[in-house]
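*Asks:* For reference, the chains in residue letters:
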Amino acid sequence: MHILRKAVALSLIAGLGLAGAVAQAAADPIATRQAIMSSVGAAAGLGGGMMKGEIAYTPAAGKAAITTMRAASLSYGNFFPAGSDHASSDAADAVWNDAEGFAAQLAKFAVAAAAAAEASGKSGPADIDAFKAVFGPVLGTCKSCHETYRKQN
Amino acid sequence: MKKAVIAALVLVLAGAGIGWGLSAPTRMSAQDAALLKVGDAARGELVFWAGGCASCHAAKSANGEDLFRLGGGLRLETPFGVFVAPNISPSQADGIGAWSLVDFANAMTHGTSPDGENLYPAFPYTSYARMSGTDLGDLFAFLNSLPAVEGKAAPHELGFPFNIRRGLGLWKRLYLDPAPVIAAPESGVEADRTLWERGRYLAEGPGHCGECHTPRDFAGGLVLADWLGGAPAPTGEGKIPNITPVEGGFGSWSAADIAYYLESGFTPEYDSVGGEMVHVQENMARLPASDREAIAAYLKALPPVGTTSN
Chain A
123 MHILRKAVAL
133 SLIAGLGLAG
143 AVAQAAADPI
153 ATRQAIMSSV
163 GAAAGLGGGM
173 MKGEIAYTPA
183 AGKAAITTMR
193 AASLSYGNFF
203 PAGSDHASSD
213 AADAVWNDAE
223 GFAAQLAKFA
233 VAAAAAAEAS
243 GKSGPADIDA
253 FKAVFGPVLG
263 TCKSCHETYR
273 KQN
Chain B
47 MKKAVIAALV
57 LVLAGAGIGW
67 GLSAPTRMSA
77 QDAALLKVGD
87 AARGELVFWA
97 GGCASCHAAK
107 SANGEDLFRL
117 GGGLRLETPF
127 GVFVAPNISP
137 SQADGIGAWS
147 LVDFANAMTH
157 GTSPDGENLY
167 PAFPYTSYAR
177 MSGTDLGDLF
187 AFLNSLPAVE
197 GKAAPHELGF
207 PFNIRRGLGL
217 WKRLYLDPAP
227 VIAAPESGVE
237 ADRTLWERGR
247 YLAEGPGHCG
257 ECHTPRDFAG
267 GLVLADWLGG
277 APAPTGEGKI
287 PNITPVEGGF
297 GSWSAADIAY
307 YLESGFTPEY
317 DSVGGEMVHV
327 QENMARLPAS
337 DREAIAAYLK
347 ALPPVGTTSN
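Residue numbers (this note's numbering), protein chains in the order written: chain A, 123 to 275; chain B, 47 to 356.
To be clear, the hints were calculated from the coordinates, so they are not data collected in a lab.
One or more of the hints may lead you astray.
Going by beta-carbon spacing under 10 Å, a handful of chain B positions derived as facing chain A [claimed, not checked]:
1) Ala-105
2) Ser-107
3) Ala-108
4) Gly-110
5) Leu-122
6) Phe-126
7) Val-130
8) Phe-208
9) Val-227
10) Ser-318
11) Gly-321
12) Glu-322
13) His-325
Virtual Cβ for every residue (Gly too), placed ideally from N, Cα, C.
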């Protein structure tokens, strides 16, 4: 009984925490998009590390890197509402002044990530060469967007 | 009384005369000019990438073959006004097709045009002044092998007093110095001297790293005491990072990290290159691996500036 009560209390707290995080996504688009971009950075670090041979390749790790990119490419662009160009953000004015160009860059990212996800199948690209062939083009879309739509840093 | 007025007038005129004399555009000596010769275009292509010519003189988002069409037109919006990159294609009428090699070398190393006008240092001759005669001769041969692009670029948009080219002569006396900035590798840093010297040549000369990565004083001159220590972005938003080996900052990058970044555009944390550095990185990626290693060796042996990066 005592244990059950504790479990209910814990799940309630967890639920509240989740609700809080969901509310934050709507209320704090800057924190949300920064969290998404740090997941992109982590996926690039994993994928890049395997491509460089610093991390041993496994199809599961390849798939984790690719699906992270895929999810980010679909969601990232939704967190740049007008007026969210705060000093704490690295987003350049061009994100809003040239929304069309920014959308085109996001589309390039999404297309490359979708192709990689498609090619990776159920259990991920079989070997490092198969992974490189699809993950390389995803990494290739980073700098064309960062050239214009991120503040110099 | 009359004598005093005359004396004052003489002093004013003498002052103006000295100012006029000091602001005169300079040119290379006849001996140096005589040593120049038009070189090899294939080698000149590497100098072209090292110097980043296309980053300003090709069209804004040029790629592939369009990087060789140097019609100018890029607008550099700076605190001094808007500089518009000129046409440096071999067009006789609109570019530099009518220039001699000595004209070209005077522009590159003295900031002086064939007509004897001072050029604005948005064109980084303050760095190019450190380039070798061989590289200038090779680059000249390569530039002349590129397609002629018709049409002059728009004029600069500058307010007083920056619109007076003559005044730049004084500026050049203060800030144009072809001597190396860094005399030797920082003591205590293991550096292969030949590699380091090649890195210094590339970074301080054609690569013109200091033009963005070093802060400027009120007159737009580089503050050499803070060499490569980071600065506000000269155009656009944001800042240019400190690339000296400071603890807690760029110092954590190994030489291999730096060379890999220049080749691939990825930092050790797999963040990507951005902003104006994208062009620079893509240019550096076209150089031999040994040149990227040389730049890395030079940066690792710099005196650290400040205590934190960025």
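*Asks:* Hints first: check each against the structure and report whether it holds.
*Replies:* Structure-based check of each hint:
{"no.": "1", "hint": "Ala-105", "in the structure": "15 Å, violated"}
{"no.": "2", "hint": "Ser-107", "in the structure": "9 Å, holds"}
{"no.": "3", "hint": "Ala-108", "in the structure": "13 Å, violated"}
{"no.": "4", "hint": "Gly-110", "in the structure": "14 Å, violated"}
{"no.": "5", "hint": "Leu-122", "in the structure": "14 Å, violated"}
{"no.": "6", "hint": "Phe-126", "in the structure": "19 Å, violated"}
{"no.": "7", "hint": "Val-130", "in the structure": "19 Å, violated"}
{"no.": "8", "hint": "Phe-208", "in the structure": "23 Å, violated"}
{"no.": "9", "hint": "Val-227", "in the structure": "23 Å, violated"}
{"no.": "10", "hint": "Ser-318", "in the structure": "3 Å, holds"}
{"no.": "11", "hint": "Gly-321", "in the structure": "4 Å, holds"}
{"no.": "12", "hint": "Glu-322", "in the structure": "7 Å, holds"}
{"no.": "13", "hint": "His-325", "in the structure": "8 Å, holds"}
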